[in-house]
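Chains A and B are the protein sequences, given in the same order.
So in numbering that gives the first Met the number 0, the last one in the first sequence is 44, and the numbering has no gaps at all.
So in numbering that gives the first Met the number 0, the last one in the second sequence is 278, and the numbering has no gaps at all.
Relax, there's no trap hidden among the hints.
Restraint-style ranges between C-beta atoms, simulated for each label pair:
(1) B:57 / A:36: 17 to 27 Å
(2) B:277 / A:18: 38 to 48 Å
(3) B:204 / A:41: 42 to 52 Å
(4) B:200 / A:11: 24 to 34 Å
(5) A:14 / B:223: 20 to 30 Å
(6) B:64 / A:34: 26 to 36 Å
(7) A:41 / B:54: 19 to 29 Å
(8) B:50 / A:14: 27 to 37 Å
Hints were generated in silico from the structure; no laboratory data involved.
Glycine included, each C-beta is placed from N, C-alpha and C at the ideal position.
One letter stands for each residue in the lines below.
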Amino acid sequence: MTHMPYVLSCYALGVLVPAVFGIAALARMRAATRKLVAIDPRQRS
Amino acid sequence: MKGKSSGRGFKPWAACTRLSVVDASPNLAPPPPPSGRGLHRFANPGRFLRLSGIVLPWLAAGGVGLTGLGLGWGLLGAPADYQQGDAVRIMYVHVPAAQMALAGYLGLALCSLFSIVWRHPLADLAAVEIGPVGAAFTALCLATGSIWGRPMWGTWWAWDARMTSVLILFFLYLGHVAVVRAFDDPVRGYRAGAILALIGVVNLPVIKFSVDWWNTLHQPASIGLTGAPAMHVSMLWPLLAASLGYACLFGAIVVARIRAAVLERRLRGLLLNRAEAAR
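Okay, chain A solo, but in the shape it has when bound (with noise of 0.2 Å):
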C-alpha cells in the first residue's frame, strides 16, 4: 500500500501554511507603508 497521498498532503500543508502567514505579513506591511507614507512623505525612510 502506497502512502504517497499521505505524504504529499502534509507537505502541501507544510508549504501552504507559511506561505499563507508570509504573504499575508507582507501585505500587512506594505499596506501600513503605502498609508504611512500618504499620509506623511518623511515617513519614507
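Given the coordinates of chain A, work out where chain B should sit on it, guided by the hints.
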C-alpha cells in the same frame, strides 16, 4: 506602555499615541527605567524598524531556501523507513512544525515576562503577533500528525499524552489570541494575555517529557542535546535543514507582523495628532 487612568474617561488609543510621540520626537521620550535600560534600548520602534529591516530579508530568504532544501530532500532524496516506508517522509514537515509550536510558545512567554516585569513596549506587540503564527504552526503539527497516524496507527486521533498536551497548547494559543483582543483597553488585554501565556508555560515540559512520563504511541526523542542522534545521517540532515528553515520562516513572519503592527500604530498616532490639531 502601561495605560494610566486619567479619570477623564476611557481612551483606547492612549497606548498608540504615547508610542507615536516617543517614536516621532525622541526629545520628548521619557528616560527608560534604570532596571531595564539594556532591554529598553530595543524598545524604540524606530530602532526596531531599522534593525528588522536589515534582518528580515535574510531571514525570509534563508527560510525559503532551507525549507525548500529540507522538504525537497526529505521528499525525494532521503531514504524510506524499513518499517514505515514512505510515510516517514511526513516527519520532515511534522517535526519542524512541532518544534516551532513549542519555540513559538516559549517566545510568547518570554515576551509576556518582559511585558509584565519591564513594561517593554515592543514585547506586547510581539506577543500579540506571535500568537496567531504559533497557533497556525501548532495546527499544522496536529494536522500532519493526524495524517501520519492514519496509515501508521490506523486512526486519525488518539488521546495519547503527547497529542493531548499539544492540543492543549493549541487551545492556549487560541486563548491568548482571543484574550488580547477581548478588552476595549488594549493594555488590559496585553496584561491578561501575558498572565495566560505565563501560566501556560507549565504545558511545555509536559509536552516535552510526555513520552518519558507516560506510555504513549509516540517514540522517545531521537535527537537530544546530549548523546548521538538515534537516526541515520541520511535522514538527520534533511530534518535539520527543514527545522532550520521553519525556524527562519517563523522568525521572518513574526518580524514582518511586528513591523506591520509598529507601522500601523505610528499611522494611528499620526492620524490622531492631526485630528487633535484640526480641532
